[in-house]
Amino acid sequence: MRLTVNGTEHTLDDLEPEMPLLWALRDVLGVHGPKYGCGIAECGACTVHIDGQAVRSCQVPVGDVWGDVTTIEGLGTPGAPHPVQAAWIEAQVAQCGYCQSGQIMQAASLLAEVPEPSDAEIDDAMSGNLCRCGTYPRIRAAVKAAARAMREGT
Amino acid sequence: MGRAKTIARRTFLVGSVAVAGGVAFGVWRMRTPYDNPLMADLPEGAAALTPYVRITGDAITLITPRADVGQGAVSVQAMLIAEELDVDPAQVATEFGPPDRAYWNTALSDEAVPFRSTDQGWLAESARDVMDAPMKFLGMQITGGSTTVPDGYEKLRRAGAVARETLKAAAARLHGQPVDRLGTEGSAVILPDGTRLRYESLAAEAARTEPVTDVVLRDPSTWRLVGQPVQRVDIVAKSTGRQAYGIDEEQPGMLHAAIRLNPAQGAALRGLDASEAKAMRGVRKIVEVPGGVGVIADNTWRAMQAAQAIKCDWAPAPYPAGMEGHWQALAESFTPERQDSRLRDEGDVEAALDGAADIDVEYRAPYLAHAPLEPLNTTVRYSPERTDIWTGTQVPRFVQGNAAAITGQDADDVHVHVRVAGGSFGHRLEDAVVRHATHLAMAVPGQPVKLTYSREEDMGHEFPRQIAMARGRGRVSGGRVVAYDLGIAMPSIIASQMGRQAIPTPGPDLQIVAGAWDQPFAIPEYRVTGYRAPALAPVSSWRSVGASTNGFFHDCLLDELIHAAGADPLEERLRLCSHAPSRAVLEAVGEMSGWGGALNAGQGRGIGFCLSFGVPCAQVVEVRETGDGLRVARVWVAADVGRIVDPVNFEAQMQGGVVWGLGHAMHGALTYADGAVEQQNFDTFRSMRLRECPEIVVRGLETAGKIRGIGEPPVPPAAPALANAIFAATGQRLREMPFDREVAFVG
Numbered sequence: 127m128r129l130t131v132n133g134t135e136h137t138l139d140d141l142e143p144e145m146p147l148l149w150a151l152r153d154v155l156g157v158h159g160p161k162y163g164c165g166i167a168e169c170g171a172c173t174v175h176i177d178g179q180a181v182r183s184c185q186v187p188v189g190d191v192w193g194d195v196t197t198i199e200g201l202g203t204p205g206a207p208h209p210v211q212a213a214w215i216e217a218q219v220a221q222c223g224y225c226q227s228g229q230i231m232q233a234a235s236l237l238a239e240v241p242e243p244s245d246a247e248i249d250d251a252m253s254g255n256l257c258r259c260g261t262y263p264r265i266r267a268a269v270k271a272a273a274r275a276m277r278e279g280t
Numbered sequence: 042m043g044r045a046k047t048i049a050r051r052t053f054l055v056g057s058v059a060v061a062g063g064v065a066f067g068v069w070r071m072r073t074p075y076d077n078p079l080m081a082d083l084p085e086g087a088a089a090l091t092p093y094v095r096i097t098g099d100a101i102t103l104i105t106p107r108a109d110v111g112q113g114a115v116s117v118q119a120m121l122i123a124e125e126l127d128v129d130p131a132q133v134a135t136e137f138g139p140p141d142r143a144y145w146n147t148a149l150s151d152e153a154v155p156f157r158s159t160d161q162g163w164l165a166e167s168a169r170d171v172m173d174a175p176m177k178f179l180g181m182q183i184t185g186g187s188t189t190v191p192d193g194y195e196k197l198r199r200a201g202a203v204a205r206e207t208l209k210a211a212a213a214r215l216h217g218q219p220v221d222r223l224g225t226e227g228s229a230v231i232l233p234d235g236t237r238l239r240y241e242s243l244a245a246e247a248a249r250t251e252p253v254t255d256v257v258l259r260d261p262s263t264w265r266l267v268g269q270p271v272q273r274v275d276i277v278a279k280s281t282g283r284q285a286y287g288i289d290e291e292q293p294g295m296l297h298a299a300i301r302l303n304p305a306q307g308a309a310l311r312g313l314d315a316s317e318a319k320a321m322r323g324v325r326k327i328v329e330v331p332g333g334v335g336v337i338a339d340n341t342w343r344a345m346q347a348a349q350a351i352k353c354d355w356a357p358a359p360y361p362a363g364m365e366g367h368w369q370a371l372a373e374s375f376t377p378e379r380q381d382s383r384l385r386d387e388g389d390v391e392a393a394l395d396g397a398a399d400i401d402v403e404y405r406a407p408y409l410a411h412a413p414l415e416p417l418n419t420t421v422r423y424s425p426e427r428t429d430i431w432t433g434t435q436v437p438r439f440v441q442g443n444a445a446a447i448t449g450q451d452a453d454d455v456h457v458h459v460r461v462a463g464g465s466f467g468h469r470l471e472d473a474v475v476r477h478a479t480h481l482a483m484a485v486p487g488q489p490v491k492l493t494y495s496r497e498e499d500m501g502h503e504f505p506r507q508i509a510m511a512r513g514r515g516r517v518s519g520g521r522v523v524a525y526d527l528g529i530a531m532p533s534i535i536a537s538q539m540g541r542q543a544i545p546t547p548g549p550d551l552q553i554v555a556g557a558w559d560q561p562f563a564i565p566e567y568r569v570t571g572y573r574a575p576a577l578a579p580v581s582s583w584r585s586v587g588a589s590t591n592g593f594f595h596d597c598l599l600d601e602l603i604h605a606a607g608a609d610p611l612e613e614r615l616r617l618c619s620h621a622p623s624r625a626v627l628e629a630v631g632e633m634s635g636w637g638g639a640l641n642a643g644q645g646r647g648i649g650f651c652l653s654f655g656v657p658c659a660q661v662v663e664v665r666e667t668g669d670g671l672r673v674a675r676v677w678v679a680a681d682v683g684r685i686v687d688p689v690n691f692e693a694q695m696q697g698g699v700v701w702g703l704g705h706a707m708h709g710a711l712t713y714a715d716g717a718v719e720q721q722n723f724d725t726f727r728s729m730r731l732r733e734c735p736e737i738v739v740r741g742l743e744t745a746g747k748i749r750g751i752g753e754p755p756v757p758p759a760a761p762a763l764a765n766a767i768f769a770a771t772g773q774r775l776r777e778m779p780f781d782r783e784v785a786f787v788g
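Taken in sequence, the protein lines are chains A and B. Just so we're aligned, residue 127 is where the first sequence starts under my numbering, counting upward by one. Just so we're aligned, residue 42 is where the second sequence starts under my numbering, counting upward by one.
To be clear, the hints were calculated from the coordinates, so they are not data collected in a lab. Among the hints, a few may not be true.
To be verified - Residues of chain B clear of chain A, computed beta-carbon distances all greater than 10 Å:
#1 Gly113
#2 Gly235
#3 Arg237
#4 Asp255
#5 Asp289
#6 Gly307
#7 Gly312
#8 Thr376
#9 Asp453
#10 Gly463
#11 Ala608
What the hints assert, rightly or not - Once the Cα atoms are required to be at most 25 Å apart in a straight line, the calculated SDA-like pairs of lysine to any residue come out as:
#12 B/Lys747 to A/Asp140
#13 A/Lys270 to B/Glu736
#14 A/Lys270 to B/Arg672
#15 A/Lys270 to B/Arg732
#16 A/Lys270 to B/Val787
#17 B/Lys326 to A/Leu141
#18 B/Lys352 to A/Pro146
#19 B/Lys747 to A/Pro146
#20 B/Lys326 to A/Lys270
#21 A/Lys270 to B/Lys352
#22 B/Lys319 to A/Pro143
#23 B/Lys319 to A/Pro146
#24 A/Lys270 to B/Val738
#25 B/Lys319 to A/Glu144
#26 A/Lys270 to B/Ala674
#27 B/Lys319 to A/Asp140
#28 A/Lys270 to B/Lys319
#29 A/Lys270 to B/Arg740
#30 B/Lys319 to A/Pro187
To be verified - Examples of chain A residues toward chain B, derived with CB under 10 Å:
#31 Cys164
#32 Gly223
#33 Val240
#34 Pro241
#35 Ser244
#36 Gly254
#37 Gly260
#38 Arg277
None of these values were measured; they are calculated from a predicted model. The C-beta atom is built at its ideal place from N, Cα and C for all residues, glycine as well.
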């Protein structure tokens, strides 16, 4: 099995193809940004991109991965954050932060598809990502700020 | 006398301890200082200036002993030290420090005495003083009770000031300059000619310098960090996937583990058949632990798969198998024999209500999961000489002692490395996961084992929020509330929780009535009685603890009486309120929401109020009928914490507390069937989702005197404000949580 994660190709010949991508990333490749929260696609903490689209990595068997995987680590860096990450930093969204990797990956996927989402579209796209700390007001504000920044190319 | 006593309580003794290669400064309130914990690993030439500051030749480290579970504890503790030390919190290291009695929490005693938090008289303050002694004795290094800021507010600034002045004295001696001509800025002492001497370069000299303990804290008007909107120290890491949590721990040669515990929490494993699991790929060991069995494997997924394949014979639950039994136990607890406290008893309630009650109702609140999004986990490496534990915990000393009891080692040989936690809400006040991980690690000496609970095992063994029931009566007359009688029955949270730490808890459990008996209202006939139900499912502290249920009971009963009296919910609360800061927060939400203004058809507004953890908090919730269900549209919330140390975090905690309180009131419940928790994951244990989140407008007041924490106080008023709003919109009184039993909500 070959798996490209954040631009690096890995060969995973010794893995069960049914192992969820999440656990291959975390325990085999040591990529810890995607988080385990529920294992049943109810919380969104494990969200990564496959070919730019947000997916729940706990539900994708590693043998079925159909494209390049991007995790929060590959979206941007502390020195060069993605506009969504920059908006999250500016709005100081995170409390415990555990869900935020997934929230950010979900928001980045939304804005790639819908550059000017309505409030309802934000609600629809983001409600599968659970935040137990209750950062929702700031998530809404950060998504809108990121959308503005991306439209303006800043 | 009361005033003098108050001042004495808040004065800290400052001392220092000379050790080989360095010196440590301590800011203590106790008579005999404990050994300074930072001495143990002090490298040659390093100066540990206080238990909260360590400066070596190449690093400045701020020690922030209260756990960060998302509430911003690291940031706020660092900010308080840095305000006096003149460092940029983002430019220096922080660490949680080792478990040690020296980090006992001085603010916990404020909540453990039978005096209302509004009572700052001599007797109440003396009692808090006396209660400090056992807190010190037990070394209660606990993060909880919204105490991080009140506990550290002066200690941490004083630590920073002592460090700064001692560094200046060291620089003065080295460079032959009078101290009063030296300044400090950006981690450096500034000489009169502008030369900057980095603190690190002064570490060795500071170690030889008599500590300057006669420091005057800076006037708040000069603060650069405290009270200002600053960036949290962890915000970049948490926005870029770089923040490591306990679950991300990596140690060389680490194995991974999963666990199966008796679904009836606390009951035994009678037998097992692990033959299938043993043969599964990657499985190294199957290890029995108290109440269950663990699997050690080469990765987490394989361990979890194998744990599921074990056939177990479980003993039955030590508590009622189904909910009828739990509710019945509460219903049968309203008896004189089970009376635990009656700390509020004014007038003659019996006479006033004898056959004359206008309201006579019962309220219920269910068990609830804490369910922080990071599942419980712990990494342990055991060897006969030494055990290392990496975990996100609010109770590092309990962890250390309990692990030592299992390994048979001295506590000094158990090294606890506290990790950042992905939420807690009280969950990490329990340490069963550490005990289980220790048992597993002992099966593979020398090899680190990371135990990760599956979400199902975590939620199924929650030590949930207490179940509770209340019975309320009251009378109104002439448009006023004149008699109020509330009885509350619940199992003792504190006895359950401390019982697991083998700590006795004599006397009444104030949490049974917290958020009810201590409310700042003057009602002529006013009584609040606590009834201690028998122990049921094991329970523990859940964000706002007793007040999480009692705030709902107390305020809803008051609201029902106000409506029965035909009075305005805000005006009558204000008329009854006997505490100026509480009046102020009520007035604030009235003004913020434009209370009393015209509403559209199908709209309704409710007020909720609760004084908890010393903080008065009021909320107005607005709901709207949509045809498909109720929408929670807007919330206005005000609280008075005395002084807002970190305004960004204050707003975040207020909003988060409202979301927490509303979301669980709308949807949350853990129920038992056949002794097992029925909700094992987020598909059935529901809380607020983004689409349901209302607009939340926050205001902080700073008039109440004592400085207080804000993690918990916004929670208790949310549920009653919502119930009262639903009544205003629909005429339907909701007396049992979750409310979605009876009404539908839309996002």
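Hints versus structure:
1. Gly113: violated, 7 Å
2. Gly235: holds, 31 Å
3. Arg237: holds, 26 Å
4. Asp255: Its Cβ never comes within 10 Å of chain A, the nearest being 38 Å, so this holds.
5. Asp289: violated, 4 Å
6. Gly307: Its Cβ never comes within 10 Å of chain A, the nearest being 24 Å, so this holds.
7. Gly312: Holds, since 28 Å exceeds 10 Å.
8. Thr376: holds, 38 Å
9. Asp453: holds, 31 Å
10. Gly463: Per Cβ check, B/Gly463 is inside 10 Å of chain A; nearest 3 Å; violated.
11. Ala608: holds, 33 Å
12. B/Lys747 to A/Asp140: Measuring from Cα to Cα gives roughly 61 Å; hence the hint is violated.
13. A/Lys270 to B/Glu736: Holds: A/Lys270 and B/Glu736 sit about 15 Å apart, inside 25 Å.
14. A/Lys270 to B/Arg672: Given that 25 Å is the threshold and the Cα spacing comes to 22 Å, the pair holds.
15. A/Lys270 to B/Arg732: Holds, at roughly 15 Å.
16. A/Lys270 to B/Val787: holds, 23 Å
17. B/Lys326 to A/Leu141: holds, 20 Å
18. B/Lys352 to A/Pro146: Within the cut-off at roughly 24 Å; holds.
19. B/Lys747 to A/Pro146: Violated: B/Lys747 and A/Pro146 sit about 51 Å apart, past 25 Å.
20. B/Lys326 to A/Lys270: Violated, at roughly 50 Å.
21. A/Lys270 to B/Lys352: violated, 51 Å
22. B/Lys319 to A/Pro143: Measuring from Cα to Cα gives roughly 21 Å; hence the hint holds.
23. B/Lys319 to A/Pro146: With Cα atoms ~21 Å apart, B/Lys319 and A/Pro146 stay inside 25 Å; holds.
24. A/Lys270 to B/Val738: Answer holds: A/Lys270 to B/Val738 is near 18 Å, not above 25 Å.
25. B/Lys319 to A/Glu144: holds, 20 Å
26. A/Lys270 to B/Ala674: holds, 19 Å
27. B/Lys319 to A/Asp140: holds, 19 Å
28. A/Lys270 to B/Lys319: violated, 51 Å
29. A/Lys270 to B/Arg740: Distance ~23 Å between A/Lys270 and B/Arg740 Cα, so the pair holds.
30. B/Lys319 to A/Pro187: At roughly 23 Å apart (the allowed maximum being 25 Å), A/Pro187 and B/Lys319 satisfy the hint.
31. Cys164: holds, 5 Å
32. Gly223: Holds, because the Cβ-Cβ distance from A/Gly223 to chain B comes to roughly 3 Å (cut-off 10 Å).
33. Val240: At 16 Å from the nearest chain B Cβ, A/Val240 fails the 10 Å test, so the hint is violated.
34. Pro241: violated, 20 Å
35. Ser244: Violated, because the Cβ-Cβ distance from A/Ser244 to chain B comes to roughly 13 Å (cut-off 10 Å).
36. Gly254: This interface hint holds because 8 Å falls under the 10 Å limit.
37. Gly260: Result: holds, 3 Å to nearest chain B Cβ.
38. Arg277: violated, 20 Å
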